[in-house]
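Chains as they are written, first to last, in my numbering: chain R, 18 to 301; chain B, 2 to 210.
It is possible that part of the hints are untrue.
Okay, derived cross-link-like pairs now, DSSO-like style, lysine-lysine, Cα gap no bigger than 30 Å in a straight line [unchecked claim]:
no.	chain 1	residue 1	chain 2	residue 2
1	B	LYS199	R	LYS59
2	R	LYS61	B	LYS136
3	B	LYS96	B	LYS60
4	B	LYS96	R	LYS73
5	R	LYS61	B	LYS38
6	R	LYS73	B	LYS31
7	B	LYS136	R	LYS73
8	R	LYS73	B	LYS98
9	R	LYS61	B	LYS199
10	B	LYS166	R	LYS73
11	B	LYS136	R	LYS40
12	R	LYS73	B	LYS60
13	R	LYS73	B	LYS199
14	B	LYS194	R	LYS40
Some chain B residues well away from chain R (every beta-carbon gap over 10 Å; in silico) [what the hints assert, rightly or not]:
no.	residue
15	LYS84
16	ARG91
17	LYS97
18	PHE133
Just so you know, these hints were derived from the structure itself, not from any lab.
Idealized CB from N, CA, C, for every residue including glycine.
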Amino acid sequence: MAYKASENDLMAYLYGELEGKEKEAMEQYLLENAEARLELEKLKQLRTLMGQVRDKEVIVPTLFVGDHRRSYFYHAPYFKTIMSIAASLLVLMLVGKLFGLQVGYVDSEFKLTFGKSEESRPLEKISSPATITQAEIQQMINASLQENNEAMQASWSETQKKLDVSITRNLALNSEKIDKLVRQSSDASQEQIKEFVAGMQAENVKLVKNYFQLSSTEQKQYIEGLLVDFAKYLQQQRNDDLQVVQTQLKSLEQNTDVFKQETEQILSTIITSVGNKSSLGAKN
Amino acid sequence: MTETLLDIAMMHSDDLIAQAKAGDQNAQGKVVQLWYKRIYNFSYKFFQDHDMAMEVSQKTFISMCRNLASLQENARFKSWLYKIAVNYCREEARKKKSSRSLSFDVVWNKEAEDSPQWESSSHRFDNPERQFQQKELAEALQDAMLELNDEQREVVIMKEYEGLKFREIADALNISENTVKSRMYYGLDALKKILERKQINKETIGYGL
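Looking at chain R on its own, in the form it has when it is part of the complex:
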């Protein structure tokens, strides 16, 4: 009675995986426990219901797996890594052998050399000048400076002399040349001027003569013409004046005639008027 079936046992019983004593205990429990019986029944019903789902048929596809399943030791990844490192080391060694590579570490000095190593030659070179003192160096420098100065001085004075000589020579040559040129030019110019002036005078005389001749004949002609014109003008003027005087005289004559007639008329009118007045007075 004390047995109480667990869920796990119920499952095992349902699927027939309970055996021996446990199975018996479970069957006994089910006989006595209606509730558990009912539950088991329901589960069995569920299983039959689930049994309605059938397997699907399927066509098995061809699988290409390749030949990888046999894993040889050289397929392991670490093997590849180790082999590649070994190969690169081998190449390095070979190259080192061919080019005489030497690697060394001596006196805190790492050396990587190709070809034959030359043992610390630069070190000796550096150590030798350390024995000379500062004063000696100073002396050496001074001596060399002095030598240099002297040589400089000598060459400088020499070049100075050479320069002087060449300058004076050049000067002399140049002045002579210039004098000659000036003299030549002055002589030439005096003669030329004389000739030029003479030529000029002759030409001028000729020109003036020609000019006066030409101008005198032209002036004569011109003056003659002028005189003739003037005489004609005077003649014309006198004729014009005479005509004017004649017309004036004629008009004066006419005027005096008109005036005479007018006075006669006036006199006649006066006479007639006076006669009438006297006859009238007489009648009265």
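With chain R held as given, fit chain B onto it using these hints.
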């Protein structure tokens, strides 16, 4: 459970596995032929999707061929093979969750239209109405199974449809036998409730079982 010729062949395949393990490609091919249908059906019930089931099955068998040499005991081949399949199922499920796209096949459901299953079905000569009802019930049950969580679904399929012993399931999932039984119990319980909710039982199906 009625045992087919294939099941019998699987039960007595120790020699074949030994040969396959030794590297015999022919033997490996035979092992694949023997077990492919089981692994396919396991993953099909897990996903309810033909393509994913094919994917998982192929990956499982490729992995099997490559790693068979590392199998310690030939007797544990079955749980070892299911262990591989379960791991690939979980991997695919993770991928499916991360990409929420809908497969074209889901929309079109080409598979349902011209599946060779119609012709090759062993129930070809059954009453068509009964055949339809059977199919309907199977679909309803599989839908109900999809509602279980992954852990329970794995155990229920392995136990109910693949016929593994509790010890073998425990071995495949790397958990204790008691945990397997517990998951089985709660799995069946949940399934019962789902079917009740959907009002699926032998009365509503309408024919005697």
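A quick look at each hint next to the structure:
no. : hint               : result
1   : B:LYS199 x R:LYS59 : 16 Å, holds
2   : R:LYS61 x B:LYS136 : 21 Å, holds
3   : B:LYS96 x B:LYS60  : 15 Å, holds
4   : B:LYS96 x R:LYS73  : 24 Å, holds
5   : R:LYS61 x B:LYS38  : 26 Å, holds
6   : R:LYS73 x B:LYS31  : 20 Å, holds
7   : B:LYS136 x R:LYS73 : 12 Å, holds
8   : R:LYS73 x B:LYS98  : 25 Å, holds
9   : R:LYS61 x B:LYS199 : 19 Å, holds
10  : B:LYS166 x R:LYS73 : 22 Å, holds
11  : B:LYS136 x R:LYS40 : 36 Å, violated
12  : R:LYS73 x B:LYS60  : 19 Å, holds
13  : R:LYS73 x B:LYS199 : 24 Å, holds
14  : B:LYS194 x R:LYS40 : 28 Å, holds
15  : LYS84              : 18 Å, holds
16  : ARG91              : 21 Å, holds
17  : LYS97              : 20 Å, holds
18  : PHE133             : 13 Å, holds
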